[in-house]
Amino acid sequence: MKRNDRFKPFARTGVIAGAAAFTLALSACNAAGPQAQSTPTDVSFGPTTSEAAGKIGSFTWMITQEPATFDLDVDSATAENTIMSNVCERLMQLQPDLTTTPHLAEKAEWTSDTTVVFTLRKDVKFHDGSPMTADDVLWSMQRHAAKGADESDEYANVTDMAKTGDNQITVTMKQRDAIFLQAMAGNGGIVLNRKVVEAQGANYGSPSAPDACSGPLKLDKWSAGSSITLTKAADYWDADNAAMADTITFRWADDNAIVNALTSGEAQGAYLDSPATAGPLQKSDKVQIAQGPSTNVWSLIATERGALKDERIRQALSLALNRQGVAQAAFGGLAKPWKAPVGPGSWGYEEPTFSAAYEALAGAPAQPSNEDLDKAKKLVQEAGAPAEPIVVANSGDSIRNVISSALVEAAQKIGLKAEIVTIPRQQYGDFYSDASLRAQADLFSDEYYISKNDPVGFYKNGASTAKVNFVKFASESYDNKVKEAQATTDDAARAKLAIDLEKQWTDAVVWIPVAHTPATIAMSKDISGAPSSASFLYYPWAADVGSSKK
Amino acid sequence: MSSLSTSTLASTPVIGRKKRDVAYLVSLGFLIVVVAAALLAPWVAPYAANAVDFTAIWQAPGGAHLLGTDQVGQDLFSRLIHGARESLLGPLALLALATVFGVTIGTVAAWNGGWIDVVLARITDVMFAFPGLLFVVLVIAVFGKGPATAIVALALAYAPVIAKFTRSLALAEMARPYVDAYRVQGVGGFFLCVRYIIPNLTPPLLGYLVVLFGEGLMSLATLSFLGFGAQPPSSEWGLMVQEGQSGIIQGHIWPTLVPGAAIAAVVVAVNVVGVRLSDRLNSRFER
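Chains as they are written, first to last, in the numbering used here: chain A, 1 to 550; chain B, 1001 to 1287.
A portion of the hints provided could be inaccurate.
Stated by the list, open to error - Simulated restraints on C-beta separations:
1) A/D434 <-> B/L1138: 20 to 28 Å
2) B/A1265 <-> A/A383: 42 to 50 Å
3) B/A1141 <-> A/T69: 24 to 32 Å
4) A/V421 <-> B/R1176: 48 to 56 Å
5) A/G415 <-> B/A1265: 39 to 47 Å
To be verified - When the alpha-carbon atoms are kept at most 25 Å apart in a straight line, the in silico SDA-like pairs for lysine to any residue are as follows:
6) B/K1164 <-> B/F1191
7) A/K413 <-> B/K1164
8) A/K417 <-> A/P365
9) A/K195 <-> A/G148
10) A/K413 <-> B/F1191
11) A/K283 <-> A/P365
12) A/K460 <-> A/P424
13) A/K375 <-> B/A1051
14) A/K377 <-> B/T1055
15) A/K413 <-> B/P1042
16) A/K283 <-> B/P1061
17) A/K378 <-> B/A1051
18) A/K413 <-> B/T1055
Everything labelled a hint here was simulated from the structure, so no lab data went into it.
For each residue, glycine too, the CB sits at the ideal point set by N, CA and C.
Could you put together the complete structure from these sequences and hints?
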């Protein structure tokens, strides 16, 4: 063997190493200077961006992944909802300020404690030109309520649904459900064109199938793996709210590519998955950033594994956690340290009451003071430190890296041992369904949100029978209050009950709240009008987008 | 004319050798510093590897943090030094394991020849034909991720390379007269291989392994970057690159650049030292 031949493959290693160094150096050249601070300081906050000044021909919108289907009874994650909220309409409609108003239903009335009557509009037309009928509505609701459908839990209290007039549907419940009407503004309230769905059969929701909806935009073309195009619905029944754009193209890419697409002008907007992405976008003079209300909160969710069974340990960790640090490090300052497991977007009624109650909550400081740490140490002493280290799950992504590091730091400060276990991203969602996965960690971090603007919709998760009450928090008084709140339709009375539930939940630290992430939108300065709240998941936001200039 | 030509011809190799010597000495010195820093990490590093400081996130090099800080305010210099241990020990362990497998297979194949050689050659061919990274990922998928699995999986992927190399060296060694002389005296194959042949293969093999070390370091760093190797809160360099990449988009390049440059520098230095070392060892071996 010739000597040179022996080392030929490894000369390549040197080249690769050199190339790696070069690439890194190049990235250094392309990136902003090391001292550049990306923390945005002048991001506007509100339910909408400024109203569009005029119509627009077309624009391109970025999402983080391709939808799996547009049959929302099968799957309805952020990508599907962001698009289909413009195509399909609901009996009720979530507004940009996260309140709920009647929509395809002209009126929704509780006629008794257990009966709600929907009076339907007569002027609604589907995209194929056929009118919406009570039969379509009843059939759609039955489809949503069917076992296995994505929104079937919204119909858990429903015992009967019937057509009680040409334009009337009556729903009967086993008990009064105060949040049922709000649920009808979500995907459980979508009205489908029965004829179209049945004609498509199993093909409905696939790239080749037409939509079966009545919204201001209709599905024009889904080029699998590439893009989805919506066009303005001709003769939209609600002419005052017709789309301002003729065509909207959706493309998908990761956060980095979205930043590049927006700064280069290849795309005109995106609702950002992580507010941290807004940092580099704010440096661009072509892009505007806005934030709006949402219910989203990142929490550390305690599991049944054992180390956190004693609520004093959970309280101690909550007291020692540096939420301000997490908000800054993980979200570039665009998230807020938060004391409760659900965000202010859920305060859809009695907002001042909820706000005052939130301010009064204790036990989850933005930055732990020495007093907080002393109190936490005392709690640990009383409870006794767990024999095994507390294990916090991480998926290796940036936000969870920060949260798990912060938890380990908090534990160390109060004399507890904590360690991190990494779970693959693809498997991470299984924490909610897989007990064997939860057996690997005492805490897992996740962003949780609800589709209803009512805290009761969240706090039902603390009932002793709730699926996500992994740590087995049990209180008879809490369970009774959940039932009472769900059956109370008077807003003031329900708000009082919801606040009681919030207090009990946060006192027991069922989950450790970390940070509230408002909805964040990045949009070219050439367009305007899109809501900046989390309503984009259910409200036809794209119809409001037009040119920012007349 | 003649004297000028002679002088020119004579001086070129001297300059070339000097350049090589400088590169060799600089690389060797750098590696000694890195190894020393790794060994003395708890005493040399200004901060604990995982000391979080939310008041000092994303800091550029300078001041209290020589190489800057990462997303949670961890000192990059300290993490680099602590991470050097795992980053350097990993390839060492994988090469030790791969060498045991590879040298055994290569020597057995060369010594026995015949069907044993053919079977072992085909097995190593199959291993060669299978994309290395894919093989390693498959092994990790079966046995679970983590540094230990990554090391064993890579050792299995590297073993055929070492086996082939060893076999060719062993065949050359077996052609030497002393082997026949021992055979005539009735010395057994196992004893002959262990006592004489394998030790004689050590010089070229060692040079080869030094260079292979760089590749092992890159492979392990790649696996950690992909999430298959070292796991948080480890400060292994590949994992540091992975953790730092979220900062690039926000203009914070140091958390990626620092460990990335460390990997590149160590690999280049190891290659320079390895090539020089193998030159020297090979010239002795050939003599």
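*Which of the numbered hints are not met once you compare them with the structure shown?*
7, 10, 11, 12
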